[in-house]
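Participant: Listed in order, the protein sequences are those of chains V and B. FYI, the numbering for the first sequence is 1 to 65, going by the numbering used here. FYI, the numbering for the second sequence is 1 to 466, going by the numbering used here.
Since the hints were derived computationally from the structure, they do not count as laboratory data. Treat the hints with care, since some could be wrong.
Said to hold, decoys possible - Non-contacting residues of chain B with respect to chain V, defined by C-beta distances greater than 12 Å in every case (computed):
#1 A314
#2 S340
#3 R343
#4 S353
#5 R364
#6 A366
#7 L367
#8 N368
#9 E369
#10 P398
Said to hold, decoys possible - Okay, the calculated bits of chain B under chain V, using three or more residues with CB under 8 Å as the criterion:
#11 137-147
#12 344-350
Claimed, not checked - Here are some chain B residues pointing at chain V (derived, C-beta under 7 Å):
#13 T330
#14 Q332
#15 S333
Since the structure is predicted, the reported quantities are computational estimates derived from the model, not experimental observations. A virtual CB, placed ideally from N, CA and C, is assigned to each residue, including glycine.
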Amino acid sequence: MASEITRDELRVRAVRAGLELSEDELDQLLPGVKRAYNQADDLRKLVTNADEPAAVFAPARSKRE
Amino acid sequence: MTTSELCYLTITEAAAGLRAKRFSPVELTKACLERIESIDGKLHSFITVTGALALEQARQAEQALYSGKDRGPLHGIPIALKDLYATKGIRTTCHSAVLENWIPDHDATATATLAEAGTILLGKLGMHEFAFGGPSVDAPFPAVRNPWNIAHVTGGSSSGSGAALAAGLCYGALGSDTGGSIRNPAAHCSIVGIKPTYGRVSRHGVVPLSWSLDHAGPMARSVEDCAIMLQALAGYDARDPASAHARVPDFRSALKDGIKGLRIGLPRANWFDENLGVAPETYSVFNDALKTLMALGAEVIELDGKPFSLARKANQTILIAEAYAYHEKTYQSTPEKFGSTVRRRMLEGAFLSAADYITAQRARAALNERMLANFARVEVILTPTVARPPDAFDSLDPNEQNLRPSFTNPFNLTGLPAISVPCGFTGSNLPVGLQIVAPAFEETTCFRTAYAYEQATEWHRRNPAL
Numbered sequence: 001m002a003s004e005i006t007r008d009e010l011r012v013r014a015v016r017a018g019l020e021l022s023e024d025e026l027d028q029l030l031p032g033v034k035r036a037y038n039q040a041d042d043l044r045k046l047v048t049n050a051d052e053p054a055a056v057f058a059p060a061r062s063k064r065e
Numbered sequence: 001m002t003t004s005e006l007c008y009l010t011i012t013e014a015a016a017g018l019r020a021k022r023f024s025p026v027e028l029t030k031a032c033l034e035r036i037e038s039i040d041g042k043l044h045s046f047i048t049v050t051g052a053l054a055l056e057q058a059r060q061a062e063q064a065l066y067s068g069k070d071r072g073p074l075h076g077i078p079i080a081l082k083d084l085y086a087t088k089g090i091r092t093t094c095h096s097a098v099l100e101n102w103i104p105d106h107d108a109t110a111t112a113t114l115a116e117a118g119t120i121l122l123g124k125l126g127m128h129e130f131a132f133g134g135p136s137v138d139a140p141f142p143a144v145r146n147p148w149n150i151a152h153v154t155g156g157s158s159s160g161s162g163a164a165l166a167a168g169l170c171y172g173a174l175g176s177d178t179g180g181s182i183r184n185p186a187a188h189c190s191i192v193g194i195k196p197t198y199g200r201v202s203r204h205g206v207v208p209l210s211w212s213l214d215h216a217g218p219m220a221r222s223v224e225d226c227a228i229m230l231q232a233l234a235g236y237d238a239r240d241p242a243s244a245h246a247r248v249p250d251f252r253s254a255l256k257d258g259i260k261g262l263r264i265g266l267p268r269a270n271w272f273d274e275n276l277g278v279a280p281e282t283y284s285v286f287n288d289a290l291k292t293l294m295a296l297g298a299e300v301i302e303l304d305g306k307p308f309s310l311a312r313k314a315n316q317t318i319l320i321a322e323a324y325a326y327h328e329k330t331y332q333s334t335p336e337k338f339g340s341t342v343r344r345r346m347l348e349g350a351f352l353s354a355a356d357y358i359t360a361q362r363a364r365a366a367l368n369e370r371m372l373a374n375f376a377r378v379e380v381i382l383t384p385t386v387a388r389p390p391d392a393f394d395s396l397d398p399n400e401q402n403l404r405p406s407f408t409n410p411f412n413l414t415g416l417p418a419i420s421v422p423c424g425f426t427g428s429n430l431p432v433g434l435q436i437v438a439p440a441f442e443e444t445t446c447f448r449t450a451y452a453y454e455q456a457t458e459w460h461r462r463n464p465a466l
């Protein structure tokens, strides 16, 4: 389960994301990251293969039209 | 009329007074500037006061109005902008050290539109840093305090907009709303704020928090004033990729039509009682508001609140992922410039995967369908705006906030129009707001319902003792 992420795993993922975080910062972040992963897991249970993302790209639309 | 009475007029009343020459735009502007000078030191609602510009604009408005060049109900009305709306030549900070000295070379579309309507710009308003997290204790500008009790927060992120209106420092303001940032401070400060339908008001020139959830919108001291402001702001803008080609109705046309027979949806089950639920005093005030609406002829229909509850998870996942994507480069080069609150929240987004984000956007589509299906049975959806009264600064607990239902998040996810109107006070004299949600592009229904409630009650006539 992603929600079981440990501080050590968070440190590894931080480096992979290009972040230099102190041990204090990792401690402060851990509960929020766990919550974020739990939320993402809950959302996975909701969607079916029929659900496309809400974001749509409109190829004909220009910001300078 | 005393200075205080002058400053607490609604836009509608001020516009009538200007045309009857009971006072002039210069007098309105001077009254606001004097009041800002005398009381904003304890509220910190303004980051920048543009006094000289405001007086010059007021003189021009006066000349124009008196020579018959009337631009409409906002002409000569002093307003202020949340400090994430770009203002050409005027510092725009987002309440952050990152942009502490940024002077844009362009106006946001909304900035330009309100100027075109003849408003007078008093200045730029404090906010939560980058519209994210909570009040910023380590930002270069002090956190905004609640005029009803300065030991308490205003709610956010449009904190300065809520405080300045409640304190009578301006007649209208702009906020922005990604998870509740117009409606929360409106509720906590006892003013009115509407998050219009996604795409209704241009976000061009508004510093983003989360592109797919950000909404721009007005805040004011009455429902009619919000309708007047939205009338000026609404419309298609090619510079905003999310801008909608939607007809703009007369938002005041149905204000006085009443709500007899209106079907109100109440998504209480599986939502209002999740985790810590709604604070008892807030719930009691909300139930009184419900009784008032029923006495006005509305019918209440219970709805399943589960999809609304789940919507928060999708909203937060999308929000933190998009926010981190926007700030990533700046954060990696100058992390020390971000305040601790925004840094912690934003960094959560750095750890999400692409699949997490896309799953949230898929869940958004699925939940949207389930929430929209309710409008086959009801015309509006009703909730308290915020599940509890504003916190005291010294007992702020962001973790507890996460344990209360968020009544605002789902309507950023769905993009539906949602208004907050004052609906009472707790025993400690802290304001409570009522949220009314309508189908997409039916802001007129929000306004009609909110107006009927407002006119049947006295809450909007109360002002804080300052």
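Participant: Please go over all the hints and tell whether each is borne out by the structure.
Facilitator: Tested hints:
{"no.": "1", "hint": "A314", "in the structure": "6 Å, violated"}
{"no.": "2", "hint": "S340", "in the structure": "8 Å, violated"}
{"no.": "3", "hint": "R343", "in the structure": "8 Å, violated"}
{"no.": "4", "hint": "S353", "in the structure": "8 Å, violated"}
{"no.": "5", "hint": "R364", "in the structure": "4 Å, violated"}
{"no.": "6", "hint": "A366", "in the structure": "5 Å, violated"}
{"no.": "7", "hint": "L367", "in the structure": "7 Å, violated"}
{"no.": "8", "hint": "N368", "in the structure": "7 Å, violated"}
{"no.": "9", "hint": "E369", "in the structure": "9 Å, violated"}
{"no.": "10", "hint": "P398", "in the structure": "9 Å, violated"}
{"no.": "11", "hint": "137-147", "in the structure": "violated (count 0)"}
{"no.": "12", "hint": "344-350", "in the structure": "holds (count 6)"}
{"no.": "13", "hint": "T330", "in the structure": "13 Å, violated"}
{"no.": "14", "hint": "Q332", "in the structure": "6 Å, holds"}
{"no.": "15", "hint": "S333", "in the structure": "11 Å, violated"}
Of the numbered hints listed earlier, those contradicted by the structure are 1, 2, 3, 4, 5, 6, 7, 8, 9, 10, 11, 13, 15.
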